[in-house]
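Order-wise, the sequence lines are chains A and B.
Sequential numbering of the first sequence, starting at 1, is according to the numbering used here.
Sequential numbering of the second sequence, starting at 1001, is according to the numbering used here.
There may be inaccurate statements among the hints.
Only pairs whose alpha carbons sit at most 20 Å apart, straight line, appear in this in silico EDC-like list of lysine to aspartate or glutamate [as the list claims (entries may be wrong)]:
| id | chain 1 | residue 1 | chain 2 | residue 2 |
| --- | --- | --- | --- | --- |
| 1 | B | Lys1065 | A | Asp113 |
| 2 | B | Lys1065 | A | Asp70 |
| 3 | A | Lys146 | A | Glu45 |
| 4 | B | Lys1036 | A | Glu117 |
| 5 | B | Lys1035 | A | Asp113 |
| 6 | B | Lys1065 | A | Glu117 |
| 7 | B | Lys1036 | A | Asp113 |
| 8 | A | Lys146 | A | Glu23 |
| 9 | B | Lys1183 | B | Glu1014 |
Simulated from the structure, these hints should not be mistaken for laboratory data.
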Amino acid sequence: MAIVLDAGEIGRALKRIAHEIIEHNHGLDNVVLLGIPTRGAFLGERIAQFLKEIQSPVPVGTLDITLHRDDLRMRPPRPLLPTLIPSGGIEGKDIVLVDDVFFSGRTIRAALDAIGEIGRPATVQLAVLVDRGHRQLPIRADYVGKNIPTSSSESVKVSLDEIDGKDCVEIVAGA
Amino acid sequence: MNKHLLSINDLSAEEAFEILNTASELAKISDGPMKKLPTLRGRTVVNLFFEDSTRTRISFESAAKRLSADVINFSAKGSSVSKGESLKDTAQTLQAMGADAVVIRHGASGAAQRLADSGWISASVINAGDGTHEHPTQALLDAYTIRSKFPQFNQSFDGLRVAIVGDILHSRVARSNVLLLTKLGASVTLVAPPTLIPVGVADWKVKVSYDLDSVLKEVDVLMMLRVQSERMANSFFPSEREYSRGYGLDITRLNSLSKNAIVMHPGPMNRGLEISAESADSHKSVVLDQVSNGVLVRMAVLYQLLGGATLTGEVSA
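In isolation and in its complexed conformation, chain B is listed as follows:
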C-alpha cells in the first residue's frame, strides 16, 4: 500500500479487500476479547480538521486510540488558523511535533494531495474529505457495511446493484464510492436531478437516471446523499419540497424496495429532505452500522499505513 491514502485511486481492488479483511479481523478481536491493542503505541496521529465534522473526527480518534496511538485533535476554529496561519506553517508545526500520520479534512479539493506532495511533512496523510473531491475512508466503510449485509459478495462485488441518490455534484462521498464500488465490480446507478449531476459523468463507469422510482426495485443498496446546502451558491432545484418529492426517500418508496435491500446514508441526515424519518429509522436503514464500522475500517487503514516499517520520508525545507 502507498504511504498515503488520498484517493480511492491509490488502492487496487486487492488492497481495498485487504483493508476490509483486516477490518473484519479487528471486528472479531476488538469487539470481543481485546478492547485495546498495543499496535501503534508511541505513534502520533493528528486530526487536522479545517471543516466541521462529528462522525469522521470521532471515528478517527477512536480508531487511533484503540490501537494505542497518541491523538492530537486540531480544528481550525480556536487555533492560529483563525489568525491567518497558512496550511504550510500549520503543517510544519505538526512535523516539528513529530506526527506520524495526519488525518486532514479541508474545504478545498486537493488539500490532502497538496499536504502529501508538498514535502512539508514526512507523516502519512489520510484524506478525511477534501472539498467536493474525495472521502476514501467513507467509501471503504460503506463497502465494509455492504459486505457485512451481503455475505455473497465477500470476494467480489460482481452483480451487486447500487444506486447513489441525491446531491452527486457536491458529494465527495459519491465520488469515492463510485470509484471504489466500480473497482470492486458493482454496477452503480446515479440518480439525481440534472442540475446535481457533475459535468464529465459520462467518463465514469456508471449509469445515470433522473427517475428514482424506476430504479428502486432493481437495487440491493440505496445510498442516499445529504443535500449540501452550504456548498450551494446557486439554486439547483426549485424548492426543498419539490426535491423531496422527486428524490427523497419516503415510506412509499422505502416499501417498494426489494426485501433484502438496505438503505445507507453517510450522515449527517437532513430528515424530511432527502430521507424521511420513518425511512431513516426503519429496519432497512444501516446508518448506525456505518458509524460503528467506520471505527474498524479506520483502524485497518491506520494499521496498514502505520503498522509496518517506518518509511523514510524526505522532508524539504
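The shape of chain A in the complex, shown without the other chains:
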C-alpha cells in the first residue's frame, strides 16, 4: 500500500482545480458544481469553498448516478444516494462534475445520461481528484488533481476527512 497524495497535496490539487475552473470559464457567473456521491460530493463542497475564497460562491449540488449505471444487472442492488440539484437548475449552465477517481469512464457516462434527463446545460466539464487511466469509453477530464499510472489489478483508495477521518490517496495492490 503506497500513499500517492497526502492531505496537503489533496488540498493544493483542489485549490489549483478551483483556479483552473475560474480561468477556463472566464469567471464563475454561470458555473454549477455537481459532486457524484459519496466522495465526489465532498470534493465538490471543498472546491466550492475554494472558489468562494478566491472569487465568489457558486451553486453546489450532488448527482447520484446509481439508477443510470450500465452495470446494474451485474451486481446486487445498491442503496441510492442523495441527488440535490441547486434551485437555479442546470438549464444553460456550465456544469462541473466532480468525482474522486476517474477510471473506466462509465460513471461519467451515467452522469451525462442523468444530466440529460434533468435539462440541457451549456457545457459539461469534469473535475477529478485522481485519473488512474484504463478508460473504456471516449471520455476525458478537464481538471485533474493528479495523474496516477496504475495497473488494472491495483485499486486506488481515496480517503476523505468527512467520511473516513483522514485525507489521503493510496494505491492498494490487487489480490
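Please arrange chain B on chain A, whose structure you already have, making use of the hints.
Relative to the frame of chain A, chain B by itself:
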C-alpha cells in the same frame, strides 16, 4: 433481499427501512428533476390481477413505467381465465413471454406463494394482495406515509402508537401492517367488534380493544379499514348503522384525536360506513398521500427486486 416479496415476513426490519430510504431518495429525484429513470429498461413487469383493483394496479403500472420497464396488464376478466385456464397455464404463458416480474393479486390466500414456489416461472413474484392473507406493499407504503408525517420515527418506530380499526378478520392490509409495524417497533392496537377479530390474534404482538372511543386519545395513527362486504358470507354485525355507531370514524371521534394524529385508510373507502365524509376529507386524513407514496414505494420494491443482478432461476417443467 429475497427474490420475491410475498409477505412482510420476507423482510427484516433493516430491509424494510432500506426500501423506505430508497423510496425517499426516489421521491427527491422523480418528483423533482427526473420524471423517468432508465433503470429497468428492457425488463418486463406483468400485472396479473385476478381481483379488481384501482389503486394497486395503477400504482404498480406507474411505478414500473417510471423506471422504464415494459408493462403488461393482465386482468382475469377478458382473458382466457374466464374460459377456465388454470393459474399454471397462465403463469407458463407469462414465462414464455419473458416476464421478469409478476405482480399478482388473487382472491385465494397463498396464491402468490404458490406461483413463487411452483417452479412454473423464473420471474420475481410480488404479492399485491392474496385473499385475506397479506398485502406487503400496502404496509410498506403505509409505513412510508407514517414516517413522512412523523420524522422523529425516522430510524425506528419505537414509541409510535397505531390503532387499526374495523374489519381485521378479512383484511390482508391489517395483517401485513401488524407484521411490519410491530417489526419496526410500533405498538399496535386492534379495534373491532369481537366477530371481526381473527382467531389466533393472541399470538400477534398486539393489543385488542372492542371500544374505539377509549383508544382514540392515545394514538398517533388511526388506520381505518374497509368493511369487506364481498368477503362476508355471514352477518358479522347487526346492521351497517350499528357498526358505524360503534366503529365508524365520525366528526366527534375525529375531534377527540390528539393534535398531530393522522387518519389513514387503504381505500376504497365506504364513506358513511367506516369513515364519514368529513373525516375522510379532513386535514388529518392522509389518504391521498398514501396513494402518491404508493408509487414511490413500489418503485423502490421493483428496484430492489429487479435492479440488481439477474438471479438464475431454475424452471421445472
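Structure-based check of each hint:
{"no.": "1", "hint": "B:Lys1065 to A:Asp113", "verdict": "holds, 18 Å"}
{"no.": "2", "hint": "B:Lys1065 to A:Asp70", "verdict": "holds, 18 Å"}
{"no.": "3", "hint": "A:Lys146 to A:Glu45", "verdict": "holds, 19 Å"}
{"no.": "4", "hint": "B:Lys1036 to A:Glu117", "verdict": "holds, 8 Å"}
{"no.": "5", "hint": "B:Lys1035 to A:Asp113", "verdict": "holds, 13 Å"}
{"no.": "6", "hint": "B:Lys1065 to A:Glu117", "verdict": "holds, 15 Å"}
{"no.": "7", "hint": "B:Lys1036 to A:Asp113", "verdict": "holds, 12 Å"}
{"no.": "8", "hint": "A:Lys146 to A:Glu23", "verdict": "holds, 19 Å"}
{"no.": "9", "hint": "B:Lys1183 to B:Glu1014", "verdict": "holds, 10 Å"}
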